[in-house]
Each structure stands twice: as C-alpha cells, then as structure tokens.
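2 protein chains.
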Amino acid sequence: MYRAKVYVTYKDSILDPQAEAITTALHQLDFPELTQLTCGKYFELVLDTTREKAALAVEQMCQKLLANVNMESYRYELIAA
Amino acid sequence: MYRAKVYVTYKDSILDPQAEAITTALHQLDFPELTQLTCGKYFELVLDTTREKAALAVEQMCQKLLANVNMESYRYELIAA
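From first to last, the protein sequence lines stand for chains A and B. Each step along the first sequence adds one to the number in UniProt numbering, with nothing skipped, and position 15 is 15. Each step along the second sequence adds one to the number in UniProt numbering, with nothing skipped, and position 10 is 10.
No lab work stands behind these hints, which were simulated from the structure alone. Keep in mind it's a predicted model, so treat the numbers as computed, not measured. Please note: incorrect hints may appear among the correct ones.
If several chains are the same, the list does not tell them apart, and a pair holds so long as it fits within one copy or across any two.
Unchecked claim - In silico BS3-like cross-links for lysine-lysine, where the CA-CA straight-line distance does not exceed 27 Å: (1) 64 - 53; (2) 64 - 5; (3) 64 - 41; (4) 5 - 41; (5) 41 - 11.
Work the whole structure out from these sequences, hints included.
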C-alpha cells in the first residue's frame, strides 16, 4: 500500500486569474507581507500495489487525467502506507 | 522571506462528488489498484516577514479566505526561502 501526494499547478507561462484575484483579496484583507501566490490542485491517492507499479500508475494517471499537461505541471511523492 | 505551502481538503464527513467522479474515471482507465482518493486545493505563498508573523498571517488567511472552515480543513508548512 502506497500513499501518493500529487500537486498540480499551472506552468509559469500560463496566466492564472484565480491566483491574481486571491492575491488582491488578501492584500485588501491587510496582508501586505504577501509577495507571491500560486494555486493548484492537490490529490491524495492510496494504491494497493508495489512501489514501482504505484509510481508508474501515478505517472500515467497524471498524464491521462489529473493534469492537463499542456498547461499544468505536476509532481508527486510516494509514501509507504 | 518564508514560503508557505497550504493544503485545503474537505473534512471526512463532507461528501465529495468530484473525488468520486475522479475515482470512477481512473478505475475505467484501468487503474484497479487505486483504493482511495481525496482531492483539494494547494496554495504556495511567499511572505516577506519573520517566521512568527508569517505563521500567524497564514493561519489568518486560511481562516478568512483560503479555506471554508465549516467544510474544509487546512494544514500548512513554512519553509525559509
């Protein structure tokens, strides 16, 4: 059993209006110390298989469904569970 | 300068149809080894302040804007950047 933590964020070249809106809102809420903000998706998966097969499966899941590889980049961690 | 990584996920008691839809889709894409999936939001913030003030600011940001504390739980890590 492996637990995979997957982070999907927009590539730097992609404009992210949601992140800009959140930044503006937080500045208005009086957090001037905030200098940069990016937002993305977070998935936590539990896989009932070996480490090698889990890594391969997570890679394929990201490519096929969890991330839009044209606009988003992904990274993941595998932890024995 | 501190970098904060914020993870916002639904509380266990909250029904998450998006996670169920993704699980079903991944099973249909032939990943039977997937036994559990949760999804949530991921924020990466850069704060130009001391460690104590950064921790306090992130806590308040989560309470006020980044998470809906009725339905969602949050956790964060602070890393010197």
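Taking the hints in turn, this is what the structure says about them:
{"no.": "1", "hint": "64 - 53", "in the structure": "within (16 Å within a copy, 41 Å between copies)"}
{"no.": "2", "hint": "64 - 5", "in the structure": "both (17 Å within a copy, 26 Å between copies)"}
{"no.": "3", "hint": "64 - 41", "in the structure": "both (15 Å within a copy, 20 Å between copies)"}
{"no.": "4", "hint": "5 - 41", "in the structure": "both (11 Å within a copy, 12 Å between copies)"}
{"no.": "5", "hint": "41 - 11", "in the structure": "both (13 Å within a copy, 16 Å between copies)"}
Checked against the numbered hints given earlier, the structure satisfies every one of them.
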